[in-house]
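There are 2 protein chains.
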Amino acid sequence: MKLVSVGSVAFDAIETPFGKTDKIVGGAGTFIALASSFFAKEQGLISVVGEDFPTETLDYLKSRGVNIDGVQIKQGEKTFFWSGKYHNDMNSRDTLVTELNVLGTFDPILPSSCQEADYLMLGNLSPQVQLTVIERLAKRPKLIAMDTMNFWMDIALDDLKKTMAEIDVLIINDEEARQLSKEYSLVRAAKVIRAMGPKILIIKKGEHGALLFHGENVFFAPALPLEEVFDPTGAGDTFAGGFMGYLAATNDDSFENMKRAIIAGSALASFCVEKFGTQRLTEITMDDINARIQQFVALSNFEMNLHGTH
Amino acid sequence: MKLVSVGSVAFDAIETPFGKTDKIVGGAGTFIALASSFFAKEQGLISVVGEDFPTETLDYLKSRGVNIDGVQIKQGEKTFFWSGKYHNDMNSRDTLVTELNVLGTFDPILPSSCQEADYLMLGNLSPQVQLTVIERLAKRPKLIAMDTMNFWMDIALDDLKKTMAEIDVLIINDEEARQLSKEYSLVRAAKVIRAMGPKILIIKKGEHGALLFHGENVFFAPALPLEEVFDPTGAGDTFAGGFMGYLAATNDDSFENMKRAIIAGSALASFCVEKFGTQRLTEITMDDINARIQQFVALSNFEMNLHGTH
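Chains as they are written, first to last, in the numbering used here: chain G, 333 to 642; chain C, 333 to 642.
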């Protein structure tokens, strides 16, 4: 298996200024697997759901090339549920309900089909669970990427640092980078964070794009200026899934190719926010994605003639 | 005269987390003229100072090709003085002192050498004064750009709208764009603002770069990720000066060339913040600027192979 991801497969109930949903399918693992499936034609997902989780969704993931041998279905238990309400600026949200359910005792099982992963994506989960996944793999993947959040910095910083020491790529947002490094400047934050383990750091800045720190190089990825963000839920996971799917499909971890992977992830994330939950990701085609990628090229491409003004 | 700029020539006293200055030379007009002088070899500056302003500074501007026939020197009066203190994040500041002095009664005089400007840069000033400059020109410049600030939106919105109706390019920051348009989304804000007059809009986002709206096109310009910003004073004026200097020198207002002009302005602004006041702008050479522009190219350049993953 080229790519293996771990992350929650869950129910979300979302309220934005544009509307609200009942329980719909969400979860970091779901968004990651859907997004990466556009590039990685074979992949495995490690997760856990309750007996209340719709088999159609699992079947749909399978139809997209996602091996779900590693998705445990716990009879008599309920799926992880999160409910949140976004504020008017869509940049902040209140969590209304968090029911851990099956996720509270999640003990990841790695089926043999997933043991030989070249690329491993650790979706946002307890850093202890993320470390367990690494430890249970038969061989160390070529590249391990990890998402996390301020919650784990608050309550499990030591575990987080232990896991960070084992990975290659950390994907966090600017606020989290500042909290983790205690530095306001993102350039300084990057130095502090990369000294903790990950050689490569991606700092997501929402509507302001993303920064990639790779060796001595920095890439400033644009974000597509959007008229409106309908629902930001899952955008970060979709970005990470698109990024890792692209890397797994191209099998090239150079700076130049990671730039492309970031643009691919950004393009997918820009679709994700157009409708509630995973809906938009189930509608789009590779042609849609390629057209969107062309928009990113147009948005940030320029040619400088340094002698033009002499 | 290819380029004429209007803006304050002033004294600043600045306090940042890195240190503080006594009265040093500052002012939007000073930064604009210095920055544009790297590209525009001939230009005029319209401003006013008191008898306390150092003649060496005016001589230095002349030595950089700035015609100062339009800089009035008011005997018996004092130069505009601003004093401010930046907060630790460098993104916000408190104004400690504002002494308008000669700027309070500024009545711009346009010498004959400035009457035929092709490019006009209206630095941040009362919109009434900005409009007066346009009205006093013998012919309408090919391109008029304008900076403004939230202060004028608060106290002189009607005047501001009158001036905006006469210009081609508005250069403001994201907070100002939101205040002016009453829209949070910058894409929507751009629509509202461009309906007020300026066909072309540049929204500066500080460390997050800048957006250029030009016809149906959008360009997302990166900002150089900096370890520290020593003193942000004048960075916006330097950006505007570099932008207009580049346009005046190349005489090309196409989207592609405006992208280049924005990169040129961004490169100059990235130097400006490295030391207090105008100091850094007086030290750097065209080679330094070209090297910095190459950093911008490296930072945002990527090549997408859309078939690479099929």
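Rather than coming from a laboratory, the hints here were simulated on the basis of the structure. Check before you lean on any hint, since a few could be wrong.
Stated by the list, open to error - Derived DSSO-like pairs (lysine-lysine); straight-line CA-CA distance at most 30 Å:
#, chain 1, residue 1, chain 2, residue 2
1, C, Lys607, G, Lys514
2, C, Lys514, C, Lys531
3, G, Lys607, C, Lys537
4, G, Lys523, C, Lys537
5, G, Lys352, C, Lys514
As the list claims (entries may be wrong) - A short, non-exhaustive set of chain C residues, derived as facing chain G with CB atoms under 8 Å:
#, residue
6, Val519
7, His540
8, Glu615
9, Ile625
10, Phe634
Glycine residues also receive a C-beta, built at the ideal position from the N, C-alpha and C atoms.
> Honestly, which of those hints from before does the structure not fit?
Replying inline: Failing hint: just 8.
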